[in-house]
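J.: Take a look at the letters that make up each chain.
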Amino acid sequence: MRSALDIAQSVRAGGSARAAVEATVAAVAARNEELNVFLHVDADAALAEADAIDARVAAGEDPGILAGVPVAIKDNICQTGVPTTCSSKILEGWRPPYNATVIDRLRAAGAIPFGKTNLDEFAMGSSTENSAFGPTRNPLDPSRVPGGSSGGSAAAVAANMTPLSLGSDTGGSIRQPAALCGLVGVKPTYGLVSRYGLIAFASSLDQIGPFAHSVTDAALLLEAISGHDPLDSTSLPEPAPSLVAHVNDGVAGKRVAWVRELVEGADESVVASVEKAREALRDAGATIVELSIPELRLGLSAYYLIAPAEASSNLARYDGVRFGQRVDGEDVTAMMEATRTAGFGAEVKRRIMLGTYALSAGYFDAYYGQALKVRTLMIEAFSRAYGEADMLLGATTPSVAFEFGSKTKDPMAMYLSDVFTIPTNLAGDAAISVPVGTGEAGLPIGVQLLGPGRSEASLFAAARVLEKAEGRS
Amino acid sequence: MSADLTREDVIKVAALARLRLTDAEVDLFRDQLAAVLGHADDLASLGADNVAPTAHPFGLTNVLREDVIRPSVDRDIVLAAAPDAQDGRFGVPRIVGEAP
Chain A
0 MRSALDIAQS
10 VRAGGSARAA
20 VEATVAAVAA
30 RNEELNVFLH
40 VDADAALAEA
50 DAIDARVAAG
60 EDPGILAGVP
70 VAIKDNICQT
80 GVPTTCSSKI
90 LEGWRPPYNA
100 TVIDRLRAAG
110 AIPFGKTNLD
120 EFAMGSSTEN
130 SAFGPTRNPL
140 DPSRVPGGSS
150 GGSAAAVAAN
160 MTPLSLGSDT
170 GGSIRQPAAL
180 CGLVGVKPTY
190 GLVSRYGLIA
200 FASSLDQIGP
210 FAHSVTDAAL
220 LLEAISGHDP
230 LDSTSLPEPA
240 PSLVAHVNDG
250 VAGKRVAWVR
260 ELVEGADESV
270 VASVEKAREA
280 LRDAGATIVE
290 LSIPELRLGL
300 SAYYLIAPAE
310 ASSNLARYDG
320 VRFGQRVDGE
330 DVTAMMEATR
340 TAGFGAEVKR
350 RIMLGTYALS
360 AGYFDAYYGQ
370 ALKVRTLMIE
380 AFSRAYGEAD
390 MLLGATTPSV
400 AFEFGSKTKD
410 PMAMYLSDVF
420 TIPTNLAGDA
430 AISVPVGTGE
440 AGLPIGVQLL
450 GPGRSEASLF
460 AAARVLEKAE
470 GRS
Chain B
0 MSADLTREDV
10 IKVAALARLR
20 LTDAEVDLFR
30 DQLAAVLGHA
40 DDLASLGADN
50 VAPTAHPFGL
60 TNVLREDVIR
70 PSVDRDIVLA
80 AAPDAQDGRF
90 GVPRIVGEAP
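Heads up: the sequence lines are chains A and B, in that order.
When we follow numbering that gives the first Met the number 0, the leftmost residue of the first sequence carries the number 0, and every step to the right adds one.
When we follow numbering that gives the first Met the number 0, the leftmost residue of the second sequence carries the number 0, and every step to the right adds one.
What the hints contain is simulated information worked out from the structure, not anything from laboratory work.
Here the structure is a predicted model, which is why all the values come from computation and not from measurement.
C-beta: ideal position from N, C-alpha, C; glycine also.
Warning: the hint list may mix true and false statements.
Example chain A residues on the side facing chain B (calculated, C-beta under 10 Å, incomplete) [said to hold, decoys possible]: (1) Pro96; (2) Arg296; (3) Tyr303; (4) Met334; (5) Phe343; (6) Ile351; (7) Gln369.
So here's chain A without its partners, still in its complex pose (with noise of 0.2 Å):
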């Protein structure tokens, strides 16, 4: 399909953002009955507003840098007139009253939001199988998952169907589906993307980044919705970031850390891809230096006690008063007891129970406050690391995309198909996954690269060279 950056200098140029919309209906109609990426389309308001971005051009003006881009927006992302669900049957029919920070960002970059993809519930997963409204398949190989959460949302890349998305990612939402699907993820640093808009789930984690075939392409998107929000009190207090232009700087020079602890564990061919980078990063001029960094492995505990200890908290608003679905029920607290019992998925119970157990009195200190300060370690052990290196190599998940069910029944497997995204996480940092080689039955593999906060044009700079080492221009 053609590449972000194409449509827009098209668009710009006098070329049609409608022809993209068309070709965005096209695509949709002839994969998501299989795929199940999209929870809600309305072709009409897409090609209206791809003619609105038309006129523009022709009436002389210039609409930004994703003019007429269709962007696919993963479902827990406000957006007026259309439903939200984070898909969970207790925001079902819910409209926004307001829309995201992206949202507007990317309607004053000249970009189209096409549709709402489909995800985990409340972002909770890794394989978007918690959907209350059926999993999304894999476009590469529609018997295997995806990834998640953000598993809508790089099917649509992956599938063809936009060429951008949105997802957010809280322990590795965005990069773990962008490995799985051959894509380019990004997570980048907290703050730098508000989160004004976006659904809780844990709040002191949780971050909105891009999904792309290209490095260039997931540059010109987090380019474009990155930057300070007022409305958002955890939003760095800068611009955005220049990204695009420094996509082609290379890594001469560049001292880049082959790390142990994020590729242990991981299949052979996982392993090798990491290889394969780490030769490419030394032909290209970095300097390769080999890491431990054993707090690393501390990540995946501290992390499912962090994370739902805040989903505890967050979920606690969908008690049946103010929006979505209610249950009746004889007084307040057996009605919000009914809402609660029947909206929420399974996943999505079991984690707010995880979370309400580690902050409840006698529990606390042990279990909450315990992985506080594991994060404190994690950050300090990350900032050592960073006095050696510029940026970090490893594994973005232990394997290729798995089959439907294969880990379903059992929480911690699926859990520690995280666990080489999650420290980036917890520190607040930035990462991207390209995709390198491929294993079992020809599957896309994801390297990651992590780099300390505001790092992104290095981080892409880095994945470029990958990409081209791949002999993907």
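Please arrange chain B on chain A, whose structure you already have, making use of the hints.
T.: Then chain B, alone, in the frame of chain A:
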């Protein structure tokens, strides 16, 4: 400590979280939560007594903005999304019991 997680603990936590569980769910969640908490026991053995906790990656405090009036969502639009609204307020079932 997680091996000690009992059915009663699960029932108590469910009540705190405003969730009702079937007997089968209580057993299932007991086993699954114990497995996750078993991993967390690794953290307890770290001896991080002198480490400060991190609740937020960049430790932002007292984020201020200009005190400027901006439009907010109209009350009628907000109430229209509620399952029940009466007289400009959210409607809920009875909160307090009958007088004895």
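J.: Hints the structure violates: just list their numbers, smallest first.
T.: Of the numbered hints given earlier, the structure breaks none, since each of them holds.
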